[in-house]
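Protein chains in written order, with our numbering: chain X, 1 to 162; chain C, 1 to 162; chain R, 1 to 162.
Do not take every clue at face value.
Unchecked claim - Within a straight-line C-alpha distance of at most 27 Å, the following computed DSS-like cross-link-like pairs (lysine-lysine) qualify:
| id | chain 1 | residue 1 | chain 2 | residue 2 |
| --- | --- | --- | --- | --- |
| 1 | X | Lys74 | X | Lys147 |
| 2 | X | Lys74 | C | Lys74 |
| 3 | C | Lys74 | R | Lys74 |
I should point out that these hints are in silico values taken from the structure, not numbers from a laboratory.
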Amino acid sequence: MLAPRPAYNDLVIFNDILRLRTEEPLQFIDLTAWVDRVVRRSGVGHGQVQVQVLHTTAAIVANENEPLLIDDFKRLLERVAPADENYAHDDFERRRVNLTPDERPNGHAHARALLLGAAKLFNVIEGRVELGRWQTIFLVEFDGPRKRTLSATVTGRRRNSA
Amino acid sequence: MLAPRPAYNDLVIFNDILRLRTEEPLQFIDLTAWVDRVVRRSGVGHGQVQVQVLHTTAAIVANENEPLLIDDFKRLLERVAPADENYAHDDFERRRVNLTPDERPNGHAHARALLLGAAKLFNVIEGRVELGRWQTIFLVEFDGPRKRTLSATVTGRRRNSA
Amino acid sequence: MLAPRPAYNDLVIFNDILRLRTEEPLQFIDLTAWVDRVVRRSGVGHGQVQVQVLHTTAAIVANENEPLLIDDFKRLLERVAPADENYAHDDFERRRVNLTPDERPNGHAHARALLLGAAKLFNVIEGRVELGRWQTIFLVEFDGPRKRTLSATVTGRRRNSA
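For reference, chain X alone in the conformation it holds in the complex:
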């Protein structure tokens, strides 16, 4: 008698890393195609995908990919957390910790990242990341150009499993 196919084959945890170089100080980069590819490669039918940036001066968001709106978002961020505000974090004379050789003034970039958040989770339905008609997944760069690392984890049930 054959034992049933081991059921741990039904739970999928699949992780992928993306490394890229941003090009502008403040930039919205469309990640949707990458996230969708990771979800398809994971083999998950229904579940969730977490998109996380491993930095403190960048964010993950979902909104509409319309160039004039992206300009509006940049103005919003500049109003809420202006680049020319005085940030104590940028006073390298007073800083005691976390100073790196390539340190640059980026207090505004941390402030913006605090507001928008380093990660977002999305439902996965029938093997696809679930997004509304206008929803696009963006990496938001607040302190570019820089090398950035992103990590996406898909969790769920294997497609076509019982």
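Given the coordinates of chain X, assemble chains C and R onto it according to the supplied hints.
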């Protein structure tokens, strides 16, 4: 000899859709009863529930359901992303993409949605969504009245499973 | 003949509660060591950990633990949602609901919590919470000192399972 009950019965991924029509331009709609019902129907004992709105001018948040506080939140959003600001997204002469027949000026609504986020995840404990005494789950409408679609996914272990 | 090891052993859902007392009205408290401990105790290899505060005047965020930057964050929050703004929530003459014996004016604290969010999810990789070099997980207290309760749920596949 009987093989053990297939273990894929222990992993639960359960999705539900809610369609509703909002009634005001800026409105907080209590979703807690719906989320709790989805969690109970899922059969999950311990896990998580993701509540996601499939639009770019609405958000999911958790805070207190007190009418005067909701008024405060509306004033906060109006201060941070004013409706009468000039949004390039609303300059339909310049727009090249994503113009629909029923387009209306809603740059402020996108800005507010960017700040609050389209989804939130909550722990599920003993078959209930885990919320503190004052925590209520809200859909926030920034560009109503509109038809809206929400998607909730519960993931976790089946209640009473080993 | 031995049946295969029941596969529900591979799916892990592990929850832990942390109770603490905050000490200042506005305070950033480093939770990273606790979250890492919960992840290790869970036995999960790959998966995710959700960190949730069960209150409406506190938040969970991830950013850099640098004292001058924390001061910048406090100034940002004071600019965006000032403590001396008039909040209708704090007008106890008008309030009809949710009034407690120890009620204190905290409209600004709710506003800040709305913006930063009550929970954050992080990837778990090889048995550790996945964080970039500068990423620290913080509880942010907006209305301290207070007793606070946090709930963390780790979901994923048991370490060393097939």
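Self-check item: Violations among the numbered hints
Solution: Result: no hint breaks.
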